[in-house]
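Residue numbers (the working numbering), protein chains in the order written: chain A, 1 to 78; chain B, 79 to 276.
Keep in mind that a hint or two might mislead.
[To be verified] Lysine to aspartate or glutamate pairs mimicking DMTMM-like chemistry, simulated, CA-CA at most 20 angstroms apart:
#, chain 1, residue 1, chain 2, residue 2
1, B, Lys182, A, Asp58
2, A, Lys27, B, Asp165
3, A, Lys27, B, Asp132
4, A, Lys27, B, Asp213
5, B, Lys235, A, Glu16
6, B, Lys235, B, Asp132
7, A, Lys27, B, Glu80
8, B, Lys235, A, Glu24
9, A, Lys39, B, Asp213
10, B, Lys182, B, Asp165
[Said to hold, decoys possible] Below, a sample of chain B positions facing chain A; criterion: calculated Cβ distance under 8 angstroms:
#, residue
11, Asp89
12, Val246
13, Ala250
Because the hints were derived from the structure by calculation, they are not lab data.
All values derive from a computational prediction rather than experimental measurement.
Beta carbons: idealized from backbone N, C-alpha and C, even for Gly.
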Amino acid sequence: MSDSKRLDDKHARNREQRVVQIREWAKYVRTHPDEDWGKQVNRILNSQLQSARHFEHDRPDPESLRHALLRDEDDSGD
Amino acid sequence: MEFTDDEVVIDKPANDLDRLVLDVAGILEALDVRYAIVSGYVAVLFGRARATEDIDVITERFDEATANRRASELRDGGYWGSAMPLDEMYATLADDRPVRVAEKDHRVPNVELKFGSDQYDRASLENTIAVNLPDGTLLIGSIELQIAYKLDMGAQKDFEDAIYLYEVAEEALNNRELERFVSQLGVGAEYERLKATR
Chain A
1 MSDSKRLDDK HARNREQRVV QIREWAKYVR THPDEDWGKQ VNRILNSQLQ SARHFEHDRP
61 DPESLRHALL RDEDDSGD
Chain B
79 MEFTDDEVVI DKPANDLDRL VLDVAGILEA LDVRYAIVSG YVAVLFGRAR ATEDIDVITE
139 RFDEATANRR ASELRDGGYW GSAMPLDEMY ATLADDRPVR VAEKDHRVPN VELKFGSDQY
199 DRASLENTIA VNLPDGTLLI GSIELQIAYK LDMGAQKDFE DAIYLYEVAE EALNNRELER
259 FVSQLGVGAE YERLKATR
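Pulled out of the complex, with its shape left as it was, chain A reads as follows (with noise of 0.2 angstroms):
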């Protein structure tokens, strides 16, 4: 077996088990009290918010990106 099909069976296989993980999970969510799957989503969340926050001014903004393409298209296009 190729090193490229091991690593794509080894894709589509975390694929399959990401699915199984969140059919379980909407089950949880379907089956328990709001408060209780809430809170737990929002652990998660809050603390991926304030990570982003730490490097946000690091990003470039989405309008300079498309400024600085639509200038690479103009000089192209000379």
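Since the structure of chain A is provided, determine the placement of chain B on it from the hints.
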């Protein structure tokens, strides 16, 4: 979580995304602007545990005076346009580009606001569902359309959002409506793939 025909009650504590969108949606409602929240945040609102920083909101078209009032209300509420000044709200939206609204001096999380531009945006605006949270009410596009649209987007995270919404709203879904959107968007194969994962 309780579903009725055009309403969902979710009795969960608000997170930072919920608070942002409740505030921005409140300003839209105060100006009598119809809106619908769509895409990834809808899955998160219903409990999907995944990272997201953007909340996509479609609105009906409004005029420049309304845009200026809205920009002013947002500034007073402590928000700014994180990708362009809020003063350019109308010109940006009229140019079919989104306006990103975030807490002043921050870029995340943000509400990405855009004018509804195609039949699916209009369908979202015309068939909203009220989601009642302890801190307020949000209007989202129909769940059936969100599922079909997510299948059309094609990325793995979108497919997973579709699976999640399909599972969590299972008993409340209008399957005929879902299949109509699946057919319109030409995602029959993806829908079969979603059902086959069960």
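Hints, one by one, checked against the model:
Under the criterion of a C-alpha separation no larger than 20 angstroms, the hint pairing Lys182/B with Asp58/A is consistent with the structure, at around 16 angstroms. Of the pairs offered as hints, the one joining Lys27/A and Asp165/B is violated, with about 45 angstroms between alpha carbons and a cut-off of 20 angstroms exceeded. Proximity of Lys27/A to Asp132/B is assessed by CA-CA distance (about 26 angstroms); at most 20 angstroms being required, the pair is judged violated. Proximity of Lys27/A to Asp213/B is assessed by CA-CA distance (about 25 angstroms); at most 20 angstroms being required, the pair is judged violated.
Of the pairs offered as hints, the one joining Lys235/B and Glu16/A holds, with about 13 angstroms between alpha carbons and a cut-off of 20 angstroms not exceeded. For the hint pairing Lys235/B with Asp132/B, the CA-to-CA distance comes to about 14 angstroms; that is within 20 angstroms, so the pair holds. Between Lys27/A and Glu80/B the CA atoms are separated by roughly 14 angstroms; this keeps the pair inside 20 angstroms, and the hint holds. Between Lys235/B and Glu24/A the CA atoms are separated by roughly 17 angstroms; this keeps the pair inside 20 angstroms, and the hint holds.
Restraint check: the Cα-Cα separation between Lys39/A and Asp213/B comes to about 15 angstroms, which is no more than 20 angstroms; the hinted pair holds. As the CA atoms of Lys182/B and Asp165/B are separated by approximately 14 angstroms, the hinted pair is consistent with the 20 angstroms bound. Below 8 angstroms, beta-carbon pairs count as interface contacts, and Asp89/B has one with chain A at about 4 angstroms; its hint therefore holds. A cut of 8 angstroms between beta carbons decides the hint on Val246/B: the least distance to chain A is about 4 angstroms, and the hint holds.
The beta carbon of Ala250/B comes no nearer than 11 angstroms to any beta carbon in chain A, farther than 8 angstroms, and the hint placing it at the interface is violated.
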